[in-house]
Amino acid sequence: MAFKPLHDRVLVRRVEGDEKTKGGLIIPESAKEKPAEGEIIATGDGARKDSGELIDMAVKAGDRVLFGKWSGTEVTIDGEELLIMKESDILGVMA
Amino acid sequence: MAFKPLHDRVLVRRVEGDEKTKGGLIIPESAKEKPAEGEIIATGDGARKDSGELIDMAVKAGDRVLFGKWSGTEVTIDGEELLIMKESDILGVMA
Amino acid sequence: MAFKPLHDRVLVRRVEGDEKTKGGLIIPESAKEKPAEGEIIATGDGARKDSGELIDMAVKAGDRVLFGKWSGTEVTIDGEELLIMKESDILGVMA
Amino acid sequence: MAFKPLHDRVLVRRVEGDEKTKGGLIIPESAKEKPAEGEIIATGDGARKDSGELIDMAVKAGDRVLFGKWSGTEVTIDGEELLIMKESDILGVMA
Amino acid sequence: MAFKPLHDRVLVRRVEGDEKTKGGLIIPESAKEKPAEGEIIATGDGARKDSGELIDMAVKAGDRVLFGKWSGTEVTIDGEELLIMKESDILGVMA
Amino acid sequence: MAFKPLHDRVLVRRVEGDEKTKGGLIIPESAKEKPAEGEIIATGDGARKDSGELIDMAVKAGDRVLFGKWSGTEVTIDGEELLIMKESDILGVMA
Amino acid sequence: MAFKPLHDRVLVRRVEGDEKTKGGLIIPESAKEKPAEGEIIATGDGARKDSGELIDMAVKAGDRVLFGKWSGTEVTIDGEELLIMKESDILGVMA
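Chains as they are written, first to last, in the UniProt record's numbering: chain L, 1 to 95; chain F, 1 to 95; chain D, 1 to 95; chain Y, 1 to 95; chain W, 1 to 95; chain S, 1 to 95; chain V, 1 to 95.
Derived from the structure by calculation, the hints contain no laboratory data. Be careful, since some hints might not be right.
For the chain Y half of the interface with chain D, some residues (derived, Cβ under 10 Å), not all of them [to be verified]: (1) 34; (2) 49; (3) 50; (4) 51; (5) 53; (6) 55; (7) 59; (8) 65; (9) 66; (10) 68; (11) 87; (12) 88; (13) 90; (14) 93; (15) 94; (16) 95.
Quick caveat, the model's predicted, so the values are computed rather than measured. Glycine residues also receive a C-beta, built at the ideal position from the N, C-alpha and C atoms.
Same shape as in the complex, but just chain L (with noise of 0.2 Å):
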């Protein structure tokens, strides 16, 4: 099953480094928490201008990018547990 993000929405798979975390011992280094790593799915088709024509999204499904830990809503999708976010919550992309 396909799932289409709407406007500026992305579909996100997050990868290891934050998992490890999810089953060991939280240890708070610092007062703030670092952000997650995930892997573009899919993307909605960009917001709209004031104008009304869309803006292109800056991040494409493969990207891998980094967001903020609480960013998102979890989604089950074909017994994936993946996140659709804002692209305005991903942070920037690793290449």
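On the provided structure of chain L, position chains F, D, Y, W, S and V as indicated by the hints.
Just chains F, D, Y, W, S and V now, kept in the frame of chain L:
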């Protein structure tokens, strides 16, 4: 009786996945609630740009969608429980 | 006496479905209140775009509408209890 | 002494319907306060669009209006108690 | 020493009506504070539209104005207590 | 070492009037704090209009200004305590 | 591994001045925290105007900057602790 949502609102019928959690036990697997699943029954004509033109809706009647579990306002139309919400509450479309 | 709502406001007469819950018991079936039903009595000329032009109202006198139960301000005109609310408080039109 | 409200403000004289509730008992028939009635004494030249042009006022001196009971700032001009409020606090015009 | 307010700010000297309530008793006749009276001493060049153009000030030095009693920031210029406030804090001009 | 504020920020050196209240007693004459006095040391290039063009700064290096006592962020540059604030925190220019 | 911040975000490496306060005692000289010093490692392509065009970044890789002590999100890239923040969190550039 037909119902025409105004502006960028949509009329949604929840589908089963969600219904089960209603009568059953609430077992929070994680801190974050999963979104609910539904079907679009009717849509408004769209919001307006600053210039006053309509922005086409990104969903249409018949679309299978995910939306935030607590989104929308419940309404009973012809004895059926439906939800009215804004298109921006729709997370994405399943295809 | 006639009453002309200003800007994007509408004058609404509640209809019966809602009246019954007023004198009866309040039995909350769910956490979410159902919207109320009403009839549009009069409308303003519409809000203005940034450019200053009027945006036509999406409802007109005579329309049967749903609106949030707590929307609007009560007003007595010619001895009748009516509601003044913004068009954006109207969820949709029944047809 | 004349008083010229600035921008989209209006100068309003309350009318009797409201005065009675002032000296009498406050008997809340419902949770919602009814709006007050008044007469427009003077208006500003209007707010400005983003483009800087004036937007004509929708009310004029002499109009009989309804406004939220707690709207506006009381002011004494030539010994008379009046109210200064924004046009957006005016709910509608009686005709 | 001259003082030039920036943007849409004005420099205001309070006038007597208000001074009396300062040294005297505070007798709240009503829940709502009356506005204070003052004279415009100097004005800025005006706020800017989105397009970057200046919007002319609606008041000028010498104007007698009403303003919210608690509006503005007190400032001492050449030993005199004055107020700096935004033009939008001015309710209207007496003429 | 030079310091170039970004956008519509300015670098300000407090001047004496204010310094005295720092080491001395705080005697609140009135409920409202007086603004502080300072000299502009450097300015940014200005904020941007919606259209992306720069808006010229209304103050320049050397201007003697008043600003809200608690405005800005303290910064030590070449051993000197200065303040970085937004131009909108500047109340006016003394001339 | 390279990291490309999205939109108007920048990747910043803190520099020494700040590091000392981390392992040492926190001696608050004043109620206001001083900003931290850092070096820009990478920048996004810029935010977008309403019209959808990019706004050039005002900082570039290599710039020495000041930023609010608590600005940004910590991220570990290739074992190094860096910060991702918005350009608007940058107070100014040292030259």
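Now the hints, each set against the structure:
no.	hint	result
1	34	holds, 6 Å
2	49	holds, 5 Å
3	50	holds, 5 Å
4	51	holds, 7 Å
5	53	holds, 6 Å
6	55	holds, 6 Å
7	59	holds, 7 Å
8	65	holds, 8 Å
9	66	holds, 6 Å
10	68	holds, 7 Å
11	87	holds, 8 Å
12	88	holds, 7 Å
13	90	holds, 5 Å
14	93	holds, 5 Å
15	94	holds, 6 Å
16	95	holds, 5 Å
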